[in-house]
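> What follows is each chain in one-letter form.
Protein chains: 2
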Amino acid sequence: MAAKQNIEESSEFTPKFDENGLIPAIAQDAKTGQVLMTAYMNRAALDVTIQTGFATYFSRSRQKLWKKGEESGHLQKVEQILVDCDQDCLVLKVTVDAGQCHVGYQSCFYRALKTGSDKELKFIAQKVYDPGKVYKK
Amino acid sequence: MAAKQNIEESSEFTPKFDENGLIPAIAQDAKTGQVLMTAYMNRAALDVTIQTGFATYFSRSRQKLWKKGEESGHLQKVEQILVDCDQDCLVLKVTVDAGQCHVGYQSCFYRALKTGSDKELKFIAQKVYDPGKVYKK
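First to last, the protein sequences are chains F and H. All residue numbers for the first sequence refer to our numbering, where the first residue is 1 and numbers rise by one. All residue numbers for the second sequence refer to our numbering, where the first residue is 1001 and numbers rise by one.
Any given hint could be a false lead.
Claimed, not checked - With a straight-line cut-off of 25 Å between C-alpha atoms, the simulated SDA-like cross-links for lysine to any residue are:
#1 H/Lys1119 x F/Leu65
#2 H/Lys1031 x F/Asp18
#3 F/Lys122 x H/Glu1070
#4 H/Lys1114 x F/Lys119
#5 F/Lys4 x H/Leu1121
#6 H/Lys1004 x F/Leu121
#7 H/Lys1122 x F/Lys127
#8 H/Lys1004 x F/Ile124
#9 F/Lys31 x H/Ala1125
#10 F/Lys114 x F/Thr95
#11 F/Lys119 x H/Ser1072
#12 F/Lys114 x H/Val1048
#13 H/Lys1127 x F/Ser10
#14 H/Lys1016 x F/Thr95
#15 H/Lys1119 x F/Ile50
#16 H/Lys1064 x F/Pro24
#17 F/Lys31 x H/Arg1043
#18 F/Lys4 x H/Ser1072
#19 H/Lys1119 x F/Glu79
#20 H/Lys1016 x H/Thr1032
#21 H/Lys1119 x F/Gly53
#22 F/Lys119 x H/Asp1088
#23 F/Lys127 x H/Phe1013
#24 F/Lys114 x H/Gln1034
Think of the hints as simulated: they come from the structure by calculation, not from any bench. Note that the structure is a prediction, hence the values are computed from the model and not measured.
With the rest of the complex left out, here is chain F (with noise of 0.2 Å):
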C-alpha cells in the first residue's frame, strides 16, 4: 500500500484520470461556498484551467474542450484547486458573476428531495436570469 499512501500523503500532484482519461470536477463558490456544478476535465482541460486560471471543462456530449461561460459569458474564475486524498476528484473554488447554471439559476443544485420523499422535489431557489435570451437556439 506504499502507493496508494504516498498519493495521499505527498506533496506531487498527480491527478488520477478514468479509463474515459477523465476527472471530476466539483466548482465551488469561493465566497459563499455554494457547490455550483460538476463537471469532467481530460488532461488537456486541467493543463487550460491551470494556465488560463479559467475553468475549462471537457464535454462528453460534444467530445470537445468547454470553456465555462464562453458562450454565456458567465465565466469562471478560478481562486484555488483542490485535490483529494486519492486525488480522483478535484474542487474548483471560483469567483462567478449570477447565474451559473444554463437553466437560470446560480447553481445547477436548484432542487432538494422533498423530506419522507423519494420520487418529488421541491425547488429551493428563483431563477436569477432568462436562459432564453442567453443562449440562442
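Take the given structure of chain F and dock chain H to it, following the hints.
Then chain H, alone, in the frame of chain F:
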C-alpha cells in the same frame, strides 16, 4: 429536447445512474459548506440513505454498500439531498463530527495546487485525528 427540459424543470426525482449503475454524490458540511468527500451511490445505496437518514455509498473497490462511518464512527447525518439540473449528480448536506477523511483530516480535500505550479501541492489543513488509532489493520 422535451425529455431534457422535463428533467431540468420537473419536480419528479429521476436520478440518472451511469452505465455502471452509479451516480456521484458530494458530501457537503451542512453548517460550514465545506466539501468533505465525493463517492458513488447505486440505487440501493440511495434508497438506504433516504430510508435511514445516514449517508450510504457504494464502494467500487469492495463492490458493496458502505455506510459511511460504519468502521470509523464518523457517520454522516443527511439533512438534505440536492440534485443537479440533469439529475446525474447529488449533493448531500450532512451533519458530521470531526474527522471525515480516513487520512485524518476533516475533509478529503486537504491539499491545493500551489499558485503558479501544475505539479506541487500545499497542505491547507491539519489532521484532526490519528487514523492509526481508528482503523485497525
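> Against each hint, give a clear statement of whether it holds in the structure.
For each hint, the structure was consulted:
For the suggested pair H/Lys1119 and F/Leu65, the alpha carbons sit about 21 Å apart, so the restraint of at most 25 Å is met. Taking the CA atoms of H/Lys1031 and F/Asp18, the gap is near 32 Å; set against the 25 Å cutoff, the hint is violated. Proximity of F/Lys122 to H/Glu1070 is assessed by CA-CA distance (about 30 Å); at most 25 Å being required, the pair is judged violated. Of the pairs offered as hints, the one joining H/Lys1114 and F/Lys119 is violated, with about 43 Å between alpha carbons and a cut-off of 25 Å exceeded.
Taken as a hint, the F/Lys4 and H/Leu1121 pair is honoured in the structure, with Cα atoms around 16 Å apart against an allowance of 25 Å. A distance of roughly 16 Å separates the Cα atoms of H/Lys1004 and F/Leu121; the hinted pair therefore holds under the 25 Å criterion. Restraint check for H/Lys1122 and F/Lys127: the C-alpha separation of about 37 Å exceeds 25 Å, so the hint is violated. About 20 Å separates the Cα atoms of H/Lys1004 and F/Ile124, which keeps this hinted pair within 25 Å; it holds.
Between F/Lys31 and H/Ala1125 the alpha-carbon distance is near 18 Å, which keeps this suggested pair within the 25 Å criterion. As the CA atoms of F/Lys114 and F/Thr95 are separated by approximately 30 Å, the hinted pair breaks the 25 Å bound. Distance hint between F/Lys119 and H/Ser1072 is unfulfilled; the C-alpha atoms sit about 31 Å from each other, more than 25 Å. Proposed proximity of F/Lys114 and H/Val1048 is supported: the alpha carbons are some 16 Å apart, at most 25 Å.
Taking the CA atoms of H/Lys1127 and F/Ser10, the gap is about 14 Å. The hint holds against a cut of 25 Å. Under the criterion of a C-alpha separation no larger than 25 Å, the hint pairing H/Lys1016 with F/Thr95 is inconsistent with the structure, at around 29 Å. The straight-line distance between the Cα atoms of H/Lys1119 and F/Ile50 is roughly 11 Å, inside the 25 Å bound, and the hint therefore holds. For the hint linking H/Lys1064 to F/Pro24, the alpha-carbon distance of about 22 Å falls within 25 Å, and the restraint holds.
As the CA atoms of F/Lys31 and H/Arg1043 are separated by approximately 34 Å, the hinted pair breaks the 25 Å bound. At roughly 19 Å between alpha-carbon atoms, F/Lys4 and H/Ser1072 fall within 25 Å of each other, so this suggested pair holds. Of the supplied pair hints, the one linking H/Lys1119 and F/Glu79 holds, its CA atoms being roughly 17 Å apart against a limit of 25 Å. Restraint check for H/Lys1016 and H/Thr1032: not satisfied, since their Cα atoms lie roughly 28 Å apart, outside the 25 Å limit.
For the suggested pair H/Lys1119 and F/Gly53, the alpha carbons sit about 15 Å apart, so the restraint of at most 25 Å is met. For the proposed pair F/Lys119 and H/Asp1088, the alpha carbon gap of about 15 Å is at most 25 Å, so the pair holds. At most 25 Å may separate the alpha-carbon atoms for a hinted pair to count; F/Lys127 and H/Phe1013 meet this at roughly 19 Å. For the hint pairing F/Lys114 with H/Gln1034, the CA-to-CA distance comes to about 23 Å; that is within 25 Å, so the pair holds.
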